[in-house]
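Read top to bottom, the protein sequences are chains A and B. Okay, so the first sequence: first residue is 6 according to my numbering, each after it adds one. Okay, so the second sequence: first residue is 18 according to my numbering, each after it adds one.
Just so you know, the hints here were simulated from the structure itself, not pulled from any lab data. Keep in mind that a hint or two might mislead.
As a list, the in silico SDA-like pairs of lysine to any residue whose alpha-carbon atoms are at most 20 angstroms apart [stated by the list, open to error]:
1) B:LYS80 / B:GLY92
2) A:LYS276 / B:VAL540
3) A:LYS276 / B:ASP193
4) B:LYS365 / A:GLU293
5) B:LYS365 / A:ASN166
Bear in mind the structure is a predicted one, so any value in this text is a computation, not a measurement.
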Amino acid sequence: MTFSRRSFLHGGVQALGAASLLGAVPALAGSKEQKGKVGARDIKVTDVAGLALLGGAGCNVVALGSPEGALLVDGGLAVNSAVLLKAVAGATRTSRVNTLINTHWHPEQTGSNEAVGKAGGALIAHEVTRLALTRAEQSPLFEGNYGPLPEKARPMKTTYNAGSLQFAGEQVDYRYLPAAHTNGDLYVHFPRRNVLVAGGPVVGGAWPLIDYMNGGFMHGFLRSYEMMGELVNPDTVVIGANGPTLTGKDIVRHKDIYWELFKQFFIFFNKGYGPLDVVAERPLKQYEAEMGDPARFIEYAYHSTQLATIPH
Amino acid sequence: MMSKWASCHVKFVAAAVAVALLSGVPGLAAAGNADEPRKPDGSTPLQWAVFNGDLAEAQRLLKDGADPRARNNYGVDAMQLAADIADTALIQALLKAGADPNTANPDGETALHLVARSNNVEAAKLLLKAGARVDAREQFGEQTPLMWASARRQPQMMELLISRGADINARGAVRDYQRVATAESRAKSMDRGGFTPLMYAARENCRECVGVLLKHKVDVNLPDPSRVVPLSIAMLNGNWDIAKRLVEAGADVNQWDWFGRAPLHVAITSMGIAGSRSPLDSDQPNVATGRDLVKMLVERGADPNQQLYFGASFGASADRGMTPFLEACAAGDMEIVQLLLAHGANAKLATSDGRGAIILAASRAGGGRGRGGFGGPPGGAPAAAPAGGGGRGAAPAPAGGAAPARGAPPPTGAIPRNPAATLAGAAPRGGAIPAGGGARAARPPDPTVELVHVLAEAGADVNLMAKRHFLARSRGGSALHYVVRGGGNMQIIQALLDLGLDINAKDEDGLTALDYAMGRGYVPFLQMPTPPNKTLADNLRRLGATVELEKTPDWPPQGPPIATAVYDSVLWPVEPVGP
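Build out the structure end to end from the sequences listed, making use of the hints.
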């Protein structure tokens with residue numbers, strides 16, 4: 006698997022946007038992680054309500070320690086798995102990963118599955134994520150194929166809807182976000198800490214992307230914000246797939262932005278527009294200063310709406 | 018002054034000459050010498066001779082110095098005309114006279130492309146020996162001669178081309194159409210291209226072509242741009258023998274496409290297709306059947322629970338979440354249902370709008386794929402577009418795909434004349450409800466009753482409530498709502514109640530099944546309200562229905578705005594549709 010120049014640039018834009026807003030991620034970290042391998046120094050650890058948030062390995066990784074090992078949400082790129090897991094061990098003071106939850110199947114999220122699975126850790130994901138990891142997958146978000154992963158790297162516990170687990174004495178909930186970023190997204194909620202790990206549909210300080218080739222589409226993406234909006238309160242800390250943390254208030258605001266965009270899509274539909282026509286209309290121009298260039302987000306979102314609603 | 022007769026005569030002769038020139042009548046248009054001026058379309062006497070297959074004339078003109086490389090105003094030369102009729106002797110004569118085997122017309126089609134459509138292997142050999150590029154690409158679809166041979170069912174030609182190095186996994190141009198709405202102002206599917214020789218052979222039902230490609234180790238899993246695999250393409254067209262060969266050759270039985278549709282899904286939804294309708298296949302029908310393929314796929318590990326990402330058409334967006342197993346339930350195919358259950362089918366799964374196995378099975382008696390229509394009996398949803406289109410031989414409407422038309426005869430199992438006498442107590446499982454008074458013979462048991470019981474035993478939730486779905490023209494509700502809207506098959510109603518279905522359950526509109534029987538259902542834009550079926554309503558009351566509205570609601574004249582309707586139409590799995 007390689008990364009396209011486009012995704013590289015996108016990653017860079019996201020990181021720059023994030024850094025300029027909150028300064029949580031070094032300006033070049035995003036671009037570097039999109040290139041691939043990073044060193045131990047590139048893994049940045051931040052405390053978020055007692056959880057360790059690790060950035061730099063390909064995506065935001067969240068860790069919670071316990072005497073039985075760590076709970077990990079997402080695992081970064083495979084090429085960074087070793088340095089990431091070392092950083093996790095340091096941040097959580099545990100020697101092993103007890104449980105790893107994949108928010109979806111993309112390589113940035115599942116790169117530590119093999120190491121964790123082979124060491125006896127439990128892997129949890131949506132059933133669609135498991136199925137995706139059993140074969141060579143493609144996506145507009147990266148070039149080439151990803152997978153199939155070895156048997157030990159595939160989630161052994163899956164859900165179609167929702168589940169909970171008790172970890173280190175606290176409840177951890179996960180729930181399906183249908184057809185949002187892929188067709189197998191989960192969010193992970195730490196209710197006691199008021200922290201929501203949102204996964205693919207959310208990116209801090211930049212536009213997320215919809216993997217329209219793998220079941221993500223605008224309707225579900227929007228619905229995912231509704232579902233998260235029902236869960237959070239204004240102070241909830243929301244951790245997206247990349248970038249700095251957001252709040253529950255941001256999620257509600259973003260939901261309104263996406264809903265307005267979705268309604269505009271049907272005006273564009275009636276004009277016979279294609280994705281690039283919609284990009285040229287700049288329907289999100291008032292947010293460009295805050296969130297960066299939305300071109301790729303709009304292109305994929307509109308493409309997904311075409312796919313989901315036009316006979317094929 | 019010219020007489021009227023003379024004027025007509027002149028016009029007739031002029032017309033005759035024009036026709037002769039254009040049609041190339043030998044002796045008029047074709048005859049000539051190498052130096053003769055070109056015709057209005059730029060064609061030369063040599064081209065006319067070749068066009069007419071006149072070898073002697075062509076040889077004479079070439080001997081007199083005719084230029085074999087000359088092109089007419091459309092960029093066509095004599096070699097392409099010879100290749101178009103795959104005339105070996107003419108091709109040989111032209112090559113000997115210096116014709117270029119690689120010249121292409123403005124569309125990039127070479128002589129080898131043209132010959133590849135025929136079974137004239139000798140002509141192709143001549144061209145290849147003279148240096149024709151075996152993998153030349155025409156410019157419209159970037160197709161190779163091998164693709165053309167495959168699409169025209171020429172296995173010997175394919176064997177030759179492959180032996181000379183043709184790429185058996187080559188892919189045609191992939192078109193990414195930005196705009197999918199046309200002047201008709203309606204969005205529509207656009208061909209994305211990107212086919213391989215194997216896909217053409219699978220689509221065209223060329224069993225020998227597939228054999229040649231498999232012999233040369235073609236990649237059987239290389240998908241089209243929407244990730245539809247050759248196996249699915251064969252089945253979408255009812256080419257079951259080819260599908261069988263592909264499975265035996267190791268095709269991935271679980272490779273799903275952009276729409277989440279895996280081969281097992283295609284097999285079940287296409288089972289009704291008998292096979293190729295090409296006259297070329299009339300004397301060799303398929304030996305394998307769709308049912309055989311379903312069994313093969315399942316035995317090789319096909320997942321009966323793979324869910325669709327998207328419905329297969331605009332109105333079928335509710336089919337998101339549909340699985341092969343649910344398709345079998347919707348088709349009412351007990352054999353396939355039991356086969357899939359034995360291979361791990363999950364009877365608890367449902368579509369995104371909450372139609373589970375029992376709703377889909379029960380509603381096929383009238384509602385069609387669980388769409389269920391709007392109003393009361395016997396009105397129903399318009400015929401649903403068949404799921405899983407895309408094949409050239411489009412699938413016929415699935416079993417139960419169309420609701421009965423207004424005024425149509427009542428469905429099997431309609432209301433007995435004396436329901437009070439027949440409805441007391443539970444009907445025997447799968448058994449007929451005896452007709453009142455003994456005046457009529459008992460109706461045969463409806464197979465759907467047995468199916469519903471099998472599904473319930475497998476864990477399907479009889480009380481699952483589907484959501485309403487504007488684009489699918491469904492108002493949702495329980496299996497009972499669907500059955501009542503579909504005509505009210507009393508055997509199925511009794512079976513559902515026996516399984517514990519709440520007869521007074523309300524759908525999202527707040528209506529019970531009894532309300533639908535009383536014709537109080539939603540009235541779509543520009544449609545008449547459905548009249549009440551008092552007999553059915555009385556039967557439901559006798560069975561315990563007590564909750565109903567006092568009057569028909571004031572339904573809004575139109576549905577919600579399109580964005581809201583589309584958004585609402587993509588509904589989400591709600592507990593307990595999945596484990």
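Verification of the supplied hints:
A C-alpha spacing of about 23 angstroms is found between LYS80 (chain B) and GLY92 (chain B), which places the hinted pair above 20 angstroms, so the restraint is violated. At most 20 angstroms may separate the alpha-carbon atoms for a hinted pair to count; LYS276 (chain A) and VAL540 (chain B) exceed this at roughly 30 angstroms. Our distance criterion of 20 angstroms between C-alpha atoms is met by LYS276 (chain A) and ASP193 (chain B), whose separation comes to about 19 angstroms. Between LYS365 (chain B) and GLU293 (chain A), the direct Cα distance comes to roughly 44 angstroms. Violation of the 20 angstroms bound is thereby established for this hinted pair.
Distance restraint check for LYS365 (chain B) and ASN166 (chain A): the Cα-Cα separation of roughly 12 angstroms lies within the 20 angstroms cut-off, and the hinted pair is therefore satisfied.
Taken one by one, the earlier hints fail for this structure at numbers 1, 2 and 4, listed in ascending order.
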